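Chemist: Quick note on numbering that gives the first Met the number 0: the sequence shown kicks off at 0 and runs consecutively.
Just so you know, not all the hints are guaranteed correct.
[Stated by the list, open to error] DSS-like mimics (lysine-lysine), calculated; alpha carbons at most 30 Å apart, straight line: (1) Lys40 <-> Lys121; (2) Lys40 <-> Lys151; (3) Lys151 <-> Lys265; (4) Lys257 <-> Lys40; (5) Lys319 <-> Lys121; (6) Lys319 <-> Lys203; (7) Lys121 <-> Lys265; (8) Lys121 <-> Lys203; (9) Lys203 <-> Lys265; (10) Lys151 <-> Lys113; (11) Lys265 <-> Lys40; (12) Lys257 <-> Lys203.
[What the hints assert, rightly or not] The calculated label-pair distances, taken between Cβ atoms and stated as ranges, are: (13) Leu270 <-> Gln204: 16 to 24 Å; (14) Lys265 <-> Ser90: 23 to 31 Å; (15) Ser232 <-> Phe52: 40 to 48 Å; (16) Phe109 <-> Ala10: 21 to 29 Å; (17) Phe52 <-> Ile195: 46 to 54 Å; (18) Ala305 <-> Phe229: 18 to 26 Å; (19) Leu248 <-> Met160: 52 to 60 Å; (20) Phe67 <-> Phe229: 26 to 34 Å; (21) Glu82 <-> Thr323: 47 to 55 Å.
No lab work stands behind these hints: they were computed from the structure.
Since we're looking at a predicted model, the values are computed, not measured.
By construction, the Cβ of each residue, glycine as well, lies at the ideal position given by its N, Cα and C atoms.
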Amino acid sequence: MNTQTVTAVYAGNTQIGYGIIITVIAFIASMMLTFSLNPVKEENEVARFRYRFSLFIYLILSPVFAAFLGRFIHWYSHYESYESFSAAFSSAEGSFHEAGIVIGAFTASFISSKIAGSKYGKRVLAAAAAGIMLFMTLVSLTSMFNECDRGKAVIEDPAYMRLPFAYPAVTSSGESEYRTAVFFWKFMILALITVIAVIISIRKQSALRTYIMYFCAMALLDSARYDASFLRSNGFVSLMQIVSGVFLLITVIFCIGKLVGNRRFKAGHFLYTLAFLLGLSLTGFMEYYVQRHGNLYISCYAEMAAACIVMAVSVIGLHKAQQTSIKRK
């Protein structure tokens with residue numbers, strides 16, 4: 000996420016870009032959604048205060064953690080863009096890595112859930128996950144006002160030089176070209192995930208399913224953009240893809256461990272595991288393949304999208320089975 004955008008408001012010597020405005024609106028909307036999904040109906044005054052206090056803690060900690068981790072990861076991947084480590088944190092303007100934002104906000108929601116207690120902790124996590132998805136959905140629109148989050152493919156057919164297919168970007172030579180509008184596809188996909196996350200929260204289900212869908216989607220979307228962030232020692236697989244893969248793999252291992260421990264691991268769960276590994280392998284292969292066959296973007300990303308959907312279904316299936324095994328234990 001890059002808040003450096005075209006100036007929207009001039010206030011004396013102060014210039015406020017569209018990125019800052021969209022980010023503030025997204026944060027307010029995110030908190031409104033999170034709080035609306037956490038109605039405080041507890042009759043006990045102490046329990047009610049504790050619940051409200053946990054939400055207040057989330058309101059304070061989430062922007063701090065998200066901004067710090069988001070900027071820290073971006074500084075790590077693009078340290079040449081900053082004069083120093085301290086300079087990277089001296090201004091709100093600039094870029095924030097999306098993985099850091101999500102991890103930071105989740106960390107804040109986890110702390111808040113522990114304060115809320117076992118009775119309401121799950122609800123806090125699910126509501127916060129929905130709010131985080133709404134925030135990420137809205138801030139993806141900041142790319143309409145800068146040069147970020149465009150695809151690798153240049154669109155030359157005038158019929159597709161418009162949303163949702165393409166959006167203009169300025170090259171290093173100052174010329175304008177149309178590239179695939181990855182940010183707009185991200186907006187639409189994350190909007191759908193947000194709706195599902197709200198349903199998950201209302202039904203008092205696990206927030207983990209929301210994050211599973213998010214990271215599966217980002218494994219595809221981050222591959223499609225030409226300005227993805229990478230590890231300093233690796234320029235092949237993007238940092239977001241690495242985070243997504245690690246998160247999904249840990250989730251699968253955790254679910255399998257719980258199923259085996261509860262003696263509930265069955266043939267169907269083995270098929271879920273196999274499907275996940277196949278989806279993960281195909282995603283990795285297509286990431287390698289698309290970088291060497293630039294003329295096959297559409298087919299490569301179509302196959303990668305199918306692989307990511309398979310991963311999402313498989314991991315959610317394992318997680319659902321793991322939760323069912325705990326209830327039956």
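Chemist: Against this structure, judge whether each hint is valid.
Modeler: Tested hints:
Taking the CA atoms of Lys40 and Lys121, the gap is about 16 Å. The hint holds against a cut of 30 Å. Proposed proximity of Lys40 and Lys151 is contradicted: the alpha carbons are some 50 Å apart, above 30 Å. Between Lys151 and Lys265 the alpha-carbon distance is near 43 Å, which puts this suggested pair outside the 30 Å criterion. The straight-line distance between the Cα atoms of Lys257 and Lys40 is roughly 33 Å, outside the 30 Å bound, and the hint therefore fails.
Taken as a hint, the Lys319 and Lys121 pair is honoured in the structure, with Cα atoms around 15 Å apart against an allowance of 30 Å. The hinted pair formed by Lys319 and Lys203 meets the criterion: a straight-line CA distance of about 13 Å does not exceed 30 Å. At roughly 27 Å between alpha-carbon atoms, Lys121 and Lys265 fall within 30 Å of each other, so this suggested pair holds. Among the hinted pairs, Lys121 with Lys203 is consistent with the structure: their alpha-carbon atoms are about 7 Å apart, no more than 30 Å.
Our distance criterion of 30 Å between C-alpha atoms is met by Lys203 and Lys265, whose separation comes to about 26 Å. At roughly 43 Å between alpha-carbon atoms, Lys151 and Lys113 are farther apart than 30 Å, so this suggested pair is violated. As the CA atoms of Lys265 and Lys40 are separated by approximately 40 Å, the hinted pair breaks the 30 Å bound. For a cut-off of 30 Å, the pair hint linking Lys257 to Lys203 stands: about 21 Å separates their Cα positions.
One distance hint, 16 to 24 Å for the beta-carbon pair Leu270 and Gln204, holds here, with the actual separation near 23 Å. Range check, Lys265 to Ser90: about 54 Å between beta-carbon atoms, so the 23 to 31 Å window is missed. For Ser232 paired with Phe52, a C-beta distance near 43 Å keeps the hint of 40 to 48 Å intact. Distance hint check for Phe109 and Ala10: the Cβ-Cβ separation is about 38 Å, which falls outside the suggested range of 21 to 29 Å.
Against the hinted window of 46 to 54 Å, the Cβ-Cβ separation of Phe52 and Ile195 comes to about 29 Å, which falls outside the hint. Taken as a hint, the range 18 to 26 Å holds for the pair Ala305 and Phe229, whose Cβ atoms sit roughly 25 Å apart. For the pair Leu248 and Met160, the supplied restraint of 52 to 60 Å is violated, since their beta-carbon distance comes to about 39 Å. A beta carbon spacing of about 21 Å between Phe67 and Phe229 contradicts the range 26 to 34 Å that was offered as a hint.
Roughly 53 Å separates the CB atoms of Glu82 and Thr323, a value that falls within the hinted 47 to 55 Å.
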